[in-house]
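Add chain C to chain H, keeping to what the hints say.
Residue numbers (numbering that gives the first Met the number 0), protein chains in the order written: chain H, 0 to 225; chain C, 0 to 225.
Check before you lean on any hint, since a few could be wrong.
[As the list claims (entries may be wrong)] With a Cα cut of at most 30 angstroms, we get these calculated DSSO-like pairs of lysine-lysine:
id	chain 1	residue 1	chain 2	residue 2
1	C	Lys-103	C	Lys-125
2	H	Lys-103	C	Lys-42
3	C	Lys-110	H	Lys-103
[Stated by the list, open to error] Below, a sample of chain C positions facing chain H; criterion: calculated Cβ distance under 10 angstroms:
id	residue
4	Gly-31
5	Glu-36
6	Ala-43
7	Ala-66
8	Leu-70
9	Thr-221
Simulated from the structure, these hints should not be mistaken for lab results. Cβ atoms here follow ideal geometry from the backbone N, Cα and C, with glycine treated the same way.
There are 2 protein chains.
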Amino acid sequence: MRVYNFSAGPAVMPLEVLEEAAAELSDWQGSGMSVMEVSHRGKAFVACAAETEARFRSVMGVPDDYAVLFLQGGATGQFAGVPMNLTAAGDSIDLLNTGQWSAKALSEAKKFGLDVRVVADEAASKYTTTPAAGSYELHADAKYVHYTPNETIGGVAFGYVPETGDVPLVADMSSMILSQPTDVSKYGVIYAGTQKNLGPAGMCVVVVRRDLMGHARTETPTILEY
Amino acid sequence: MRVYNFSAGPAVMPLEVLEEAAAELSDWQGSGMSVMEVSHRGKAFVACAAETEARFRSVMGVPDDYAVLFLQGGATGQFAGVPMNLTAAGDSIDLLNTGQWSAKALSEAKKFGLDVRVVADEAASKYTTTPAAGSYELHADAKYVHYTPNETIGGVAFGYVPETGDVPLVADMSSMILSQPTDVSKYGVIYAGTQKNLGPAGMCVVVVRRDLMGHARTETPTILEY
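Just chain H, same shape as in the assembly (with noise of 0.2 angstroms):
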């Protein structure tokens, strides 16, 4: 008796990996143990994590010059990630505004002491459309553009990826990531909670071009530096 859920919180998955997960749950790979028992250091689950992203890089076709990181705290995790491991206090950023996820990003962000300039906001259309590619202007100082391509509440998805020269660009894809081929060499860094589109809810997944790690303020938990 198996139904769907089409809102917008955490999606199903696939019946067959349910029923491989329930099969598994006292003995993993006859280790006598689940999955969610047996040392994050054996053997198994390390070739399990890296079977994982090895299998999300094929799919997404993730390029070298990426990390892939799996993660806890969500995407509201990184909503505070991007911007402690992407700037300083005093820098600027770019954000289009398109509803609600949006926005979460953007108080967010405030909390780093940045200016967070809202170069496209939809309040027009009580966010119901997405800025057309050129109606807005972007600023060569940013240390990041972010954007929201698909918002689950009102409803909306960007056509387009915006074109952002040299300024990293950032997208929250939780509720579209692998939903459609995306270019991965024009963003900067792609995060998405797993819950939709992934897999279950409690963890996250971030694709980071390398050369934007190891630059993370003192003050940056440790569970969110890239």
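Just chain C now, with coordinates in the frame of chain H:
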């Protein structure tokens, strides 16, 4: 063919818990979905979360003036979460260093512009001892005193609860929570990754005295803010 895992990582869970979880993995409480797929705002999940909190409160004996938070990011997240919520830059804290986990809490706390005073350090015994009560001096101006009641790597445990007067006592109880009666009222904050004593990896429980909430630094990531 179940086995036990006594290494210093995740621990095994009771077989009957895993079997119930497996049986419900494609249809939880007649919802036609697993608990990982239903809306986190739905009645069934909200009731499940409330029951989990109520049971935890009852088993641990958590007084009403303490909040119980289920968070992501494990104890490592709280190594940052505690200083971000309980201090401002320039403040002082006291820390008892009894091994690898204390050292991790120490190293993370140092990111936050604090005067971190290591009031006891068991280096002389190579971290095979804990300091005797009364053998170290605490400071009345400390924002909190941090200790690790049980260290899994060195295998040492405190036989007493440090007396800190009006200064909030903070404990990383990851490897001993609920293994013995705890007088919660002696603590300001208790935190624990759930993977050893409470459940699978991927969650952290924080028990925090309510008067210590609502004072987080502006730049505290929402996922870590009490």
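Hint check: is the beta carbon of Glu-36(C) less than 10 angstroms from a beta carbon of chain H?
Cβ of Glu-36(C) sits 5 angstroms from chain H, so the hint holds.
Minimum beta-carbon distance criterion (10 angstroms), Gly-31(C) to chain H
holds (3 angstroms)
Does Thr-221(C) hold up as a contact with chain H if the rule is Cβ-Cβ below 10 angstroms?
holds (6 angstroms)
Using the nearest Cβ pair, does Leu-70(C) come within less than 10 angstroms of chain H?
Leu-70(C) check passes; min Cβ-Cβ to chain H is 9 angstroms, inside 10 angstroms.
Quick check on Ala-66(C) please, does its C-beta sit within 10 angstroms of some C-beta on chain H?
Constraint on Ala-66(C) not satisfied, violated at 19 angstroms.
Given the hinted pair Lys-103(C) and Lys-125(C), is their alpha-carbon gap at most 30 angstroms?
holds (16 angstroms)
Report holds or violated for the interface hint on Ala-43(C), using the least CB-CB distance to chain H and a cut-off of 10 angstroms.
violated (12 angstroms)
Can you confirm whether the C-alpha distance between Lys-110(C) and Lys-103(H) stays at or below 30 angstroms?
holds (26 angstroms)
Are Lys-103(H) and Lys-42(C) close enough, with their CA atoms no more than 30 angstroms apart?
Judged against 30 angstroms, a Cα distance of about 25 angstroms means the pair holds.
Of the numbered hints listed earlier, those contradicted by the structure are 6, 7.
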